[in-house]
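Protein chains: 2
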Amino acid sequence: MTPTITAFESSPDRGRGLARDLRVRWALEEVGLAYQVRLISFSAMKEPAHRAQHPFGQIPTYEEGGLVLFESGAIVLHIAEHHAGLLPDEPLARARAITWMFAALNTVEPPLVERGMAMLLERDQPWYAQRQPLLDERAHKMLGQLSTRLGTAEWLDGQFSAGDLMMIGVLFRSKPSGILDEYPNLAAYVARGEARPAFKRAFDAQLAVFTGSGANAW
Amino acid sequence: MTPTITAFESSPDRGRGLARDLRVRWALEEVGLAYQVRLISFSAMKEPAHRAQHPFGQIPTYEEGGLVLFESGAIVLHIAEHHAGLLPDEPLARARAITWMFAALNTVEPPLVERGMAMLLERDQPWYAQRQPLLDERAHKMLGQLSTRLGTAEWLDGQFSAGDLMMIGVLFRSKPSGILDEYPNLAAYVARGEARPAFKRAFDAQLAVFTGSGANAW
Chain A
1145 MTPTITAFES
1155 SPDRGRGLAR
1165 DLRVRWALEE
1175 VGLAYQVRLI
1185 SFSAMKEPAH
1195 RAQHPFGQIP
1205 TYEEGGLVLF
1215 ESGAIVLHIA
1225 EHHAGLLPDE
1235 PLARARAITW
1245 MFAALNTVEP
1255 PLVERGMAML
1265 LERDQPWYAQ
1275 RQPLLDERAH
1285 KMLGQLSTRL
1295 GTAEWLDGQF
1305 SAGDLMMIGV
1315 LFRSKPSGIL
1325 DEYPNLAAYV
1335 ARGEARPAFK
1345 RAFDAQLAVF
1355 TGSGANAW
Chain B
1145 MTPTITAFES
1155 SPDRGRGLAR
1165 DLRVRWALEE
1175 VGLAYQVRLI
1185 SFSAMKEPAH
1195 RAQHPFGQIP
1205 TYEEGGLVLF
1215 ESGAIVLHIA
1225 EHHAGLLPDE
1235 PLARARAITW
1245 MFAALNTVEP
1255 PLVERGMAML
1265 LERDQPWYAQ
1275 RQPLLDERAH
1285 KMLGQLSTRL
1295 GTAEWLDGQF
1305 SAGDLMMIGV
1315 LFRSKPSGIL
1325 DEYPNLAAYV
1335 ARGEARPAFK
1345 RAFDAQLAVF
1355 TGSGANAW
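Just so you know, the sequences run in chain order A and B.
So in our numbering the end of the first sequence lands on 1362, straight run, no missing numbers.
So in our numbering the end of the second sequence lands on 1362, straight run, no missing numbers.
Worth double-checking, as some hints may not be accurate.
Copies of the same chain are indistinguishable here, so a pair counts whether it falls within one copy or spans any two.
Here are the simulated lysine-lysine pairs, BS3-like style, with alpha carbons at most 30 Å apart [to be verified]:
| # | residue 1 | residue 2 |
| --- | --- | --- |
| 1 | K1285 | K1319 |
| 2 | K1319 | K1344 |
| 3 | K1285 | K1190 |
Calculated directly from the structure, the hints in this document are not laboratory data.
Since we're looking at a predicted model, the values are computed, not measured.
Work out the full structure: start from the sequences and follow the hints.
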């Protein structure tokens, strides 16, 4: 059964990898699972038909037979559980890889998204200049801790796993802001992720929706 | 092997359920697994010994034999995977329950924490009165969508699961702000969670750390 994911028909970033379907595409490419993409407009995302699949009216969703999932973390974990390549077989290493997935989404992503959203949506507000240092400080504190933990390792815990995929997927979205450049080992870690053939295929497929080369877009 | 979790030696809320070890205690109580608690001070949380267990210097952690986990979501999932009672056996229902865990932590918690943190830390700032409506709007939008999805159901998807545990654990932390009262079905949902004997035991054990009744505290 070929799964179908949803992605933006018209993405604010024109396919430069900021939309969260990238993580799901990447996971599917890592395990070698073919997939279909259903593009969805911003207005259709708010309609009951889509909300039945995604209660918060977002992308991505994941359909496979009778199964419908939302949340990129849950989808990537589902893929990783059912196909070899993204989770270690050894039980303790497997649990630690899943821990990094949750850390990426619940500890690392929130301060980065909060900072990024403020830069995007509050830049013209009178409080922006005063407040942004608070957000920078929170983001730096967390990135500094992550940088310390990663150290000189290639990946977060042994072999590349779904934990790295999710962490790099999260960090990648902050790359345009320049903040990663302050942590050379994190920048190199993200670059290692981007260099993976599966990431490249995923990125190119997302971009192709907007450049009209047609791969995965219909 | 009895697991050991870490919790605040001195909690800002004096054990009223806001610290994230509550979710882990609740999961352990739901599956009937005895556990030990190692209390940790704020200064010790920042020391290398604790950071080796938790790279971000927080609680809770979970130790079980050679396994060390952090992130309440990962810990609850680990418990749910290895003990009956928190995940359905049926594969599609199991995947959906895990989806709600991620939704709780990555979609529902961030706007609630952002709003709560601003109320706590930015109340004296000149921008507070102007900015808080933005945060209220984000929180309301998300809670409204969750309320619509829950409707008149008892739990999010069939039987009580780790997805409900995590969602109620997240919503519970916003209860003191009064925002849940605007969504009677969500308030009732949280109350159903609080009424579970396992929740009560977890809450009482966390509170006992501070009232000195001694259960689980040494």
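How the hints compare with the structure:
1. K1285 / K1319: both (17 Å within a copy, 28 Å between copies)
2. K1319 / K1344: within (16 Å within a copy, 44 Å between copies)
3. K1285 / K1190: between (36 Å within a copy, 12 Å between copies)
The structure meets every hint from the earlier list without exception.
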